[in-house]
Amino acid sequence: MSEVKAHIDIDAPIETVWETIMDPQRLGDWVTIHKSVKDASSPPLAAGATMEQCMAVRGVTFKVHWNLASVKAPQRADWQGTGPARSQARIRYELSENGSGTRFTYHNEFHPPGGRLGAIASRFIVGATSEREAQNSLKKLKRLLES
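Last residue of the sequence shown: 386 in this note's numbering, with the numbers rising by one and none dropped.
Read the hints as simulated data drawn from the structure, not as lab findings.
It should be emphasised that the depicted structure is a prediction, and the values quoted were computed from it without experimental measurement.
Cβ atoms here follow ideal geometry from the backbone N, Cα and C, with glycine treated the same way.
There could be a bad hint or two in this list.
[Unchecked claim] With a Cα cut of at most 30 angstroms, we get these calculated DSSO-like pairs of lysine-lysine:
#1 K381 to K274
#2 K381 to K311
#3 K244 to K277
#4 K244 to K274
#5 K378 to K244
#6 K277 to K381
#7 K277 to K378
#8 K302 to K379
#9 K302 to K378
#10 K274 to K378
#11 K302 to K244
#12 K311 to K274
#13 K379 to K311
#14 K381 to K302
#15 K302 to K277
#16 K244 to K379
#17 K274 to K379
#18 K302 to K274
#19 K277 to K311
#20 K311 to K378
#21 K277 to K379
#22 K311 to K244
#23 K244 to K381
[To be verified] Simulated restraints, written as ranges between beta carbons of each label pair:
#24 A324 to P252: 35 to 43 angstroms
#25 N306 to S339: 28 to 36 angstroms
#26 R325 to K378: 28 to 36 angstroms
#27 K311 to E242: 17 to 25 angstroms
#28 R331 to V296: 18 to 26 angstroms
#29 E258 to R325: 27 to 35 angstroms
#30 T300 to Q264: 16 to 24 angstroms
#31 D250 to A324: 14 to 22 angstroms
#32 K378 to E336: 18 to 26 angstroms
Model the full structure from these sequences, guided by the hints.
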């Protein structure tokens with residue numbers, strides 16, 4: 240398993256941040272590894288919402304089927320994903336008011352296929368990419384919402 244946790248403070252109301260991150264059609268505006276989305280449930284998203292997301296990491300394109308496992312607007316959303324070769328991912332978005340703005344905490348757990356060998360290969364292939372892309376995505380979201 241690999242795990243990434245990152246946060247950023249955004250000078251925008253919590254509702255604005257929530258509406259942006261929870262709109263599947265806006266993923267391309269801020270998620271750096273995002274390529275496309277299809278079959279997405281319509282906002283506002285509720286538990287059970289789904290989408291198919293195409294992403295690319297290190298030149299490798301792959302699809303993930305996401306299910307919104309739980310949601311408490313506008314504070315928390317928990318996504319569960321299934322990717323290639325039955326890989327699994329969990330993403331949690333947590334938002335809290337921070338003065339006149341919002342703190343966005345992003346937490347990602349990735350479980351590669353293949354047990355221990357898969358985990359070792361994943362660390363070698365992905366390296367620090369997940370952490371870097373999470374930070375880059377949060378910075379891109381901040382620029383988008385503060386402009």
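To see whether the hints hold, each was checked on the structure:
no.: 1; hint: K381 to K274; result: 20 angstroms, holds
no.: 2; hint: K381 to K311; result: 22 angstroms, holds
no.: 3; hint: K244 to K277; result: 26 angstroms, holds
no.: 4; hint: K244 to K274; result: 22 angstroms, holds
no.: 5; hint: K378 to K244; result: 14 angstroms, holds
no.: 6; hint: K277 to K381; result: 25 angstroms, holds
no.: 7; hint: K277 to K378; result: 25 angstroms, holds
no.: 8; hint: K302 to K379; result: 22 angstroms, holds
no.: 9; hint: K302 to K378; result: 24 angstroms, holds
no.: 10; hint: K274 to K378; result: 18 angstroms, holds
no.: 11; hint: K302 to K244; result: 22 angstroms, holds
no.: 12; hint: K311 to K274; result: 27 angstroms, holds
no.: 13; hint: K379 to K311; result: 24 angstroms, holds
no.: 14; hint: K381 to K302; result: 26 angstroms, holds
no.: 15; hint: K302 to K277; result: 10 angstroms, holds
no.: 16; hint: K244 to K379; result: 16 angstroms, holds
no.: 17; hint: K274 to K379; result: 15 angstroms, holds
no.: 18; hint: K302 to K274; result: 10 angstroms, holds
no.: 19; hint: K277 to K311; result: 24 angstroms, holds
no.: 20; hint: K311 to K378; result: 24 angstroms, holds
no.: 21; hint: K277 to K379; result: 22 angstroms, holds
no.: 22; hint: K311 to K244; result: 20 angstroms, holds
no.: 23; hint: K244 to K381; result: 17 angstroms, holds
no.: 24; hint: A324 to P252: 35 to 43 angstroms; result: 41 angstroms, holds
no.: 25; hint: N306 to S339: 28 to 36 angstroms; result: 34 angstroms, holds
no.: 26; hint: R325 to K378: 28 to 36 angstroms; result: 32 angstroms, holds
no.: 27; hint: K311 to E242: 17 to 25 angstroms; result: 22 angstroms, holds
no.: 28; hint: R331 to V296: 18 to 26 angstroms; result: 20 angstroms, holds
no.: 29; hint: E258 to R325: 27 to 35 angstroms; result: 33 angstroms, holds
no.: 30; hint: T300 to Q264: 16 to 24 angstroms; result: 19 angstroms, holds
no.: 31; hint: D250 to A324: 14 to 22 angstroms; result: 41 angstroms, violated
no.: 32; hint: K378 to E336: 18 to 26 angstroms; result: 20 angstroms, holds
Checked against the numbered hints above, the structure breaks only hint 31 and satisfies the rest.
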